Amino acid sequence: MVDAARQPLIDVRAFTEVEKVEGFVGNFKVTLREKAKYVRADRCNGCGDCAKVCPIEIPNYFEMNLAPRKAAYIPMSQSVPLIYNIDMDACIHCYKCVEACGPLEAIDFSMTDKIVEEEIGAIIVATGFSHFDPTPMEEYGYNRYPNVITAMEMERLNNSAGPTAGNLIRPSDGKNPKKLAFINCVGSRDKRYIESCSNFCCMYSIKNAVLLKQMNPAFDITIYYMDIRTPSKGYEEFYDRARQMGIHFIQGRPALITEDPISHNLFIHSEDISLGKVVEHEYDMVMLNQAAIPQPDQNHMSSVLNVAQSPGGWYMEYHPKLRPMDSDRWHIFFAGACQGPKDIPSSVAQGSAAASRASRILHSDRWQIEPTVAVVWPDRCVSAEGKACGLCERACPYGAVLYEKGTAAEVITAKCHGCGACVAECPHDAITQLHYTDAQILAQIRALLATEPHKKILALRCHWCSYGGADLAGTSHFEYTSNERGIKVMCSARMDADFIYEAYRLGAGAVLYSGCHPQDCHYITGQIVGAKRAKRLETIFERLGMTPGRFRVEWISAAEGDKYARVLNEMQAVLDAIPEEELLAEIDRIKPDVTKRLTRLPNIPGVQAAMDHSDVMVKTILMKEKVA
Amino acid sequence: MSHDYSTSTFVDQVKAIPGGEFVELCYSCGTCTSKCMIQQKIEPEYNPRRLLRLVMMEMQEEAFESPTTWMCSECDLCYPACPQKIHISGVITAVKKIAVENGSKTILKTAVVDQQTCVACGLCAEACPYKAITIVDAKVPYRGLIKVAKVDPGLCMACGLCSAVCRSTSIGIPEEYSDESLVNNLWDWLLPQGVSI
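From first to last, the protein sequence lines are chains A and B. Here my numbering is used: position 250 in the first sequence is 314, and no number is missing along the way. Here my numbering is used: position 47 in the second sequence is 617, and no number is missing along the way.
None of these hints come from the bench; they were simulated from the model. In this text, all values refer to a predicted model and were calculated from it rather than measured experimentally. Hints are not guaranteed to be accurate.
Unchecked claim - Examples of chain B residues lying across from chain A (beta carbon under 10 Å, computed):
no.: 1; residue: Y597
no.: 2; residue: C599
no.: 3; residue: T601
no.: 4; residue: T603
no.: 5; residue: S604
no.: 6; residue: N617
no.: 7; residue: R620
no.: 8; residue: C645
no.: 9; residue: C648
no.: 10; residue: A651
no.: 11; residue: Q654
no.: 12; residue: I656
Glycine included, C-beta positions come from ideal geometry on N, C-alpha and C.
With the hints as constraints, model all of the structure from the sequences given.
Structure representation (structure tokens):
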């Protein structure tokens, strides 16, 4: 940290909050609030005279509130930069610090928060994690029994720079404990609190136990665990070492801690699973290894940065295996536990990876993105005529579409990820997606439904999931109906209602509308846009009296090849169950209504030409087949 | 009520019964066992964690013989403590149901109805916390086809509430906890205290 502060190319802004992040890859505009420290950074030399004279004492957050600190303080002794800070919430304005500071004149009570704007090329988020507060778990009596403390509190008590100068004492009577217990998985792996495993606490509790045992071999230390997870290099050996040092491990989750009200000793009730017996042991002090949870303001930061969150509240990575340090926005990266609980080696590895990823953009003048971006035809946008619309802006998961009444909507190309949600949502067909234009997709639909359309099943699949699922069904040799005709688009959000109307107008037997599961969507909320539209279409077709099953909406992941095959076979069964003349009659009955919904289609630039061309091509191919 | 389990395994059968759905979530932490009053006060061999394990490992016979299957009183002390939110007494009841359908008998001495004196008033059926008592039509010697109370031994937990509410002394727990032996026990205790009739 000190090295980083000394490095001239690194600018450390302590006590600063990110207020707003605008812009896009390489051109972020970040608004920072530099909070008032009431001490001038250019004059303070970190002598600490102000803290010595300050009469106010409040709980020290860094010492887990086990020790006091002054209103004029530094957060911890290794603070970088070493500049004192006055806590205005606690200060009583006695100005003793001003006197103590003397000729340096570093203390300035007239300081206010400063708003600073910075041009930033890439952003790395490394906001860390927080701890689960075990107070709601009444069975462990934290905050009720003085000698039940958290492992973090133990860490401060055991630290030579901590409140007791490294002398581990019991909070109840200040005596040194002899029998100690650690309880793992407090709040984690628990469906009532935090469902996930916190990743590092097994090693953390073993480390703490080994440290204590090294300090004083007379300590009798027990670790209560459900499973000990030692997956990384050298971890299992460390676990072996801990057992050989005489640290006891009891497999069993304590159900209850009770306290002797006179001696304040604690009794842990648990089943010793290896013995198959319920046991009760007495301890002088119990340490709880709490679950790791996201920072309390992680939700706020995620909306400031406009990045997604995984279940549990952690920041969501672009891809869990291949791009664990990337966010779903280009050039916002994650490092460390803000993306999910992880230990120090993994955090360092992720941080280095994020830094090297970020340096790519800092060292290049140009940046390549996928070519499938959305483009607006300004003359078709009704907003330019002064009408209120803004559907495109609401559909975009990335905030890449700018809409303002009176001017045509605008797509910021560098922000666009190419899902096509805005394209399909636009009721006036004023937006198109390069390489997935309406003209191209409609031409494909015409070609696929050229002959005997009532026997065909048109499958619209998203690029990332359902297309992969169809691929897997093929490579795994799952048999499914040969009447399936598939079209790939980037996201289920791109599946324009026009495509489905056109398919039924051409007389398609059935249409499958498939995409990712909502939590898997590669475009943050693209699937939600698609699912809403699918729901709308389902009600429309129900009202038109279409046989249920002829329009089907399914969310199929790339791993669900079997589901893809099953769904298509079920759709084929639906078609088989309807007699042919009835099906044709139904198609004819629905046709006028869907045609009415498609009157604007030929006005979209390129669509009529593409459809005509497609028809000519199909005729040519059919003729050739006939001749052959 | 009987189910067709012919094609499914033991754990599938348990999961098919409401209450037993989440048995496979158990990761054997032992919280339920260390919470259990029956384990601590009555029967050391009683162990809900082990019963869930037996179910998961398809050890049907062992599960039917286990005292855990028969002795759970559904007090649900373990349910709020379970970190996996498994309704453990629901699983145990499911196992018991399958055991009864497979012909296993409870190890508890369940309530017995004296059909000769029962008047089918229904007090016992109302009092039963386990819904083990129903009023049925039965052919009773010397009394003909009449309505009498009937105890489902698969559901009865031998708590004795029915015996306490019965006005005609027609239902009770046999032997050790019968009305007679309980009164005798009371006298055995009262007489040495100097109580006279």
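Hint by hint, here is what the structure shows:
no. : hint : result
1   : Y597 : holds, 6 Å
2   : C599 : holds, 4 Å
3   : T601 : holds, 5 Å
4   : T603 : holds, 4 Å
5   : S604 : holds, 4 Å
6   : N617 : holds, 7 Å
7   : R620 : holds, 7 Å
8   : C645 : violated, 14 Å
9   : C648 : holds, 8 Å
10  : A651 : holds, 6 Å
11  : Q654 : holds, 6 Å
12  : I656 : holds, 9 Å
In terms of the numbered hints stated before, the structure departs from hint 8 and from no other.
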